[in-house]
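Residue numbers (our numbering), protein chains in the order written: chain A, 1 to 134; chain B, 1001 to 1389.
Quick caveat, the hints were computed from the structure, so don't treat them as lab data.
Idealized CB from N, CA, C, for every residue including glycine.
Be aware that one or more of the hints could be misleading.
Per the computed footprint, the stretches of chain A lying under chain B, defined by three or more beta-carbons under 8 Å from a beta-carbon of chain B, are [as the list claims (entries may be wrong)]:
#1 108-117
#2 121-131
For the chain A half of the interface with chain B, some residues (derived, Cβ under 7 Å), not all of them [claimed, not checked]:
#3 TRP24
#4 THR25
#5 TYR37
#6 ALA40
#7 ALA54
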Amino acid sequence: MKYLLLKHYRGAPAAVNDVPMDRWTPEEVDAHMQYMYDFAARLERGGEYVDGQALAPEGAFVRYDGEGRPPVVDGPFAETKDLIAGWMIIDVESWERAVELAGELSAAPGAGGRPIHEWLEVRPFLADAPSATE
Amino acid sequence: MNELLLRELVPAVIGVLVRRGADFASAEDAVQDALVRALEAWPEDPPRDPKAWLVSVAWHRFLDAARSDASRRKRELALEVEPPVGPASATDDTLRLYFLCAHPSLPQASAVALTLRAVGGLTTRQIAAAYLVPEATMAQRISRAKRRIAGTTLDQPGDLGTVLRVLYLVFNEGYSGSVDLAAEAIRLARQLAALTDAPEVAGLLALMLLHHARRASRTGAGGRLVPLAEQDRSLWDTNLIAEGVAILQAALTRDRLGEYQAQAAIAALHADARSAAETDWVQIVEWYDELLALTGSPVVRLNRAVAVGEADGAQAGLAALAGVGPELARYNAVLAHLTERAGDLERAADLYAEASRTAVSVPERDHLTREAARVRQALVRGARGARGE
């Protein structure tokens, strides 16, 4: 089963250890990066990693505005809007395993070397086709 | 026969098919099919004459495709007449393929893909893997590109500047997946340099070699970006540097300066310094002046400001930055760097943090975050020191 782990810049509840990254020490920044890197590498070795990408904070909502007209762009994102920093897709056996891994990722070290306790969003993928056995 | 030697045959084989009367798009498709077959069959059963094998298989593929397409019946009839042997040599055909694949009417991403396939001999699957897109997506992009240049004949002269820009783009894509695009770009630039004696081709080749020579030192653990001043210079490839410098010097004596030669000259000055402190920043600024005169590019102006900051001090660097638009990528990073050197740490930390939010790559973003953290920490230490803690 595939799950999407979403990391938010904004829109999620604040992390417990909520200190902006540029106020950490360089060693704390490195430790955080290394943790994320090792996490993905470990999942990849274990066959649970599918893909992951980081997203830029710039972005906009866009919609159709009628025949012959250019799309309406409501952007850039206002401060109140949700902002997604990046995502990771994992392919695991169960919802419980997905939650366990998200919990692990949320324990990445932050300011003071303590876990960041950041909220991650976990969303199951809908299957491509109805199950053949039902 | 290794894969690289096989790929080198591709442009010549396309050239043979085109001279026999095939249109470029069909010839390229046929050769790609033959290439994929060769990659499967050759490891066990290598042919005695690889080029003849590829020509023969590709030609049959082309005829099959032409026959199966009813709308091409007329052309097929024409093909039964023995085609005239063109006067062009295989070398000229390859040069024309470069021009055709980098045709100015193509979007750059398409020109890159087509060049890698028709001149570089990569398979669609390899190109797709290098650019992290599905194979079907890349196949579509390539066929769209070929449709767009359909009807352009191989004997029209092309735009060398566009070819060089395409190779430069390939080089900058660097390394991902099974194909090393930087090495591929160098291979293609070497081939191009053998086909034409334009000094800018040599300039681009020198530039690539000089940058490639520093590659091992540019990233640390986990893909972490290591800035030039902190790189371990013992990891630099001195053979590549010597080759790049020799090629550049030969090009410069021709006295037809262009932007790639000027960029290579700057890279050569960095490569020449045994330590960051020994860098000849005054000469680097002079080359940036040349580069700016040639291009008028705001990106060059931005980089020049960094060099001015090193040569004449942070204030001079900040003054040089004055005419650059703040919307430019990396503007905040440069401003942060110069502001830190000018001693305003508070503002520098904010600027590094701001720069990290507008970074265009993950390694750059992480690097700038770390820089913000480093400057912020220096501030905290400074404040504690002042309080006597």
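When the structure is checked against the list of hints, which entries are broken? Sort them ascending.
The structure breaks hints 1, 2 and 6; every other hint is satisfied.
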